[in-house]
Structure formats: structure tokens, C-alpha cells
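*Asks:* What follows is the residue order along each chain.
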Amino acid sequence: MPRVVADTSALVSLGIVAEVEPNPLSLCLASYDVSVPDEVLTELQEVASYDDEHGRAATAVRDRTDELTVRSVDLDAEFPLDDWENAAVTLANETDAALLLCDEFNRLGLVHASLADTRLVTTPTLLSVFVRTDRLTPDEARTLLDDISAARSWDANSYVQRARSLLDAP
Amino acid sequence: MSSEKKRVQFRAPGRLVDRADALASVLGEDRTDVLVTALREYLQEAAHDDALTQEIAAAYYDDEITYDQLRALVGAEEAANLRVLKRQLDEDFVDEVAER
Chain A
2 MPRVVADTSA LVSLGIVAEV EPNPLSLCLA SYDVSVPDEV LTELQEVASY DDEHGRAATA
62 VRDRTDELTV RSVDLDAEFP LDDWENAAVT LANETDAALL LCDEFNRLGL VHASLADTRL
122 VTTPTLLSVF VRTDRLTPDE ARTLLDDISA ARSWDANSYV QRARSLLDAP
Chain B
11 MSSEKKRVQF RAPGRLVDRA DALASVLGED RTDVLVTALR EYLQEAAHDD ALTQEIAAAY
71 YDDEITYDQL RALVGAEEAA NLRVLKRQLD EDFVDEVAER
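Chains as they are written, first to last, in our numbering: chain A, 2 to 171; chain B, 11 to 110.
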């Protein structure tokens, strides 16, 4: 199975719809070997303590930790990134992961520039991929993206609006 | 537009407060009026800026402006973020990811 590294932001997005069937977290765990660095798991625990939608999403992912491959990495202090992003990028590079899942829209330029051969993929793109590979119908993907967007306050984001139209494409 | 008023307390640089007081004297208002007006205008501007950035991003995604124009408008760091997001919208990119 292709190796995929997920950062905290992407795991929280996937956790928001973890109770829906079919859901992209289960599809992801079934299609990829999903790895996370210790730092991401620590950050996820922190988010899980919040009494809000993000907290419940992080808890839903944390409850499935045994399906993730958790690894430790040596952080490269030169990276101008927060520890958990730094760790996710380092793990992706060290393990030559196929994909890095990341939804930190305001940091993507830096994250992308720090990756060697790994492709950076956001959750809206991941939903498109599941539609292309017939794991989700366009309707299911649109509903999932609507739910994630509402929780993440993405509604006014023009990238997310266009990603939604991409799901309409044949 | 009326809403319940809330009492707030904060520390600010002395010179800034002196300037607010001076302007209040000129306008025949009190310090609170000046500070509330400044805060309201700042918040409106900030909200508008985000909306504007989203419009600029949309124009870039739709090929109405070039990457260089985008960079001139939003700066190098934000332009780099938006370039990564535009690539996410590329059908060929999605196909490549799907095929792995």
C-alpha cells in the first residue's frame, strides 16, 4: 500500500466526518499505510481536549490510533515550520511517502517547498481522488466536503469553492 | 445599530493614548469615542482584506491574473500558498495522485 503521512490539520478534517458512512478516514486507512510522527499525535491529543467540533473530530481519530503507524523522527530545526508540521514533512521525506495530507492552507507554500518527492494533498483533493477511484460518489464527496467546510470555516475560501465544483466534473 | 456595551480594560503605549486624547479634544469627543471608532474601522478593514484576498485568489485560480501579478498583490509567501492550492485544482494532478 502506498505510504501516506498525515498532519494534524488533515486528521482533524477527516475526523469531522468520521461517523458518516462511507467516510474518508476509513477509506484512507483502507487504501494507504497512514503514518504520523509522535508530534502530530501529541498535537492531536491537545486538540482532543477541546470541547468543540474540532475536539470531537480529534477524539474520533485518536480512537483509531492503533490503525496508524506512529513513528519518531529527528526534527530539522532549520525548517521554518511548527514542530508537528516539521515532523510530518521530515517523516514524509525520510520514508519517501507518496503523499503528505495537510490542510494548513496558510502554510502550504513552505510545506510544499520542504518536501523532496512527496506530493502534498489537501482533504478536498483527497475527496476528488476517492471519486476518481470510485470509492465515493460525487454526491457523497460533496456532502462530506460541505460538512468539513462548515466545521473548518472554509465556506468563504475560493479554493474550497472551486474544489467543490471539481467534484461535479465527470 | 445598538448593542449592549461591555466594559474593557487594557494597557496601551502612553504616546498612543496621548494622541487619541488629543484627537478627542479636537473633535469634542471623549477617549472612548475615538478608540471605539478606531477599533470598528480596523475590524472592518481586516474583514474586507480577507474577502479581497479571496477574490484575488479566485482571479488567479481562474487564470484572470498571472502568478507575477498575484505576487505583487498579496506578497511572496501568500502567493506561494495559493500556487500550491491552484495545483490541487488541476485535473491532471488529481489523476496522478489517484493512479499511485
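A hint or two may mislead.
Facing chain A, a subset of chain B residues (Cβ under 10 angstroms, in silico) [to be verified]:
| hint | residue |
| --- | --- |
| 1 | Arg29 |
| 2 | Asp59 |
| 3 | Asp60 |
| 4 | Glu65 |
| 5 | Ala69 |
| 6 | Tyr71 |
| 7 | Ala82 |
| 8 | Ala86 |
| 9 | Leu95 |
| 10 | Val107 |
| 11 | Ala108 |
Just so you know, these hints were derived from the structure itself, not from any lab.
In this text, all values refer to a predicted model and were calculated from it rather than measured experimentally.
All residues carry an ideal CB built from backbone N, CA and C; glycine is no exception.
*Asks:* Does the nearest C-beta of chain A fall within a distance shorter than 10 angstroms of the C-beta of Leu95 of chain B?
*Replies:* holds (4 angstroms)
*Asks:* Let me know if the C-beta of Val107 of chain B comes in closer than 10 angstroms to any C-beta of chain A, holds or violated.
*Replies:* Holds - the Cβ of Val107 of chain B comes within 10 angstroms of chain A, reaching about 5 angstroms at its closest.
*Asks:* Taking the closest Cβ pair, is Ala108 of chain B under 10 angstroms from chain A?
*Replies:* holds (4 angstroms)
*Asks:* Taking the closest Cβ pair, is Ala69 of chain B under 10 angstroms from chain A?
*Replies:* Holds, about 9 angstroms.
*Asks:* When the nearest CB of chain A is found for Asp59 of chain B, is that gap smaller than 10 angstroms?
*Replies:* At about 13 angstroms, which exceeds the 10 angstroms cut-off, the nearest Cβ of chain A leaves the hint on Asp59 of chain B violated.
*Asks:* Using Cβ atoms only, decide whether Arg29 of chain B comes closer than 10 angstroms to chain A, and label the hint accordingly.
*Replies:* Status violated, d = 33 angstroms.
*Asks:* Asp60 of chain B was flagged as interface toward chain A. Is the shortest Cβ-Cβ separation under 10 angstroms?
*Replies:* The hint holds - Asp60 of chain B has a Cβ within 10 angstroms of chain A, the shortest such distance being about 8 angstroms.
*Asks:* With a cut-off of 10 angstroms on the beta carbons, see whether Ala82 of chain B makes it to chain A.
*Replies:* violated (16 angstroms)
*Asks:* Would you settle whether the hint for Tyr71 of chain B is holds or violated, based on the nearest Cβ-Cβ distance to chain A being less than 10 angstroms?
*Replies:* Since the shortest Cβ distance to chain A is 5 angstroms, the answer is holds.
*Asks:* Holds or violated: Glu65 of chain B as interface residue toward chain A, Cβ cutoff 10 angstroms?
*Replies:* holds (7 angstroms)
*Asks:* Grab the minimum C-beta distance from Ala86 of chain B to chain A and call the hint holds if it beats 10 angstroms, violated otherwise.
*Replies:* holds (8 angstroms)
Hint violations for this structure: numbers 1, 2, 7, all remaining hints satisfied.
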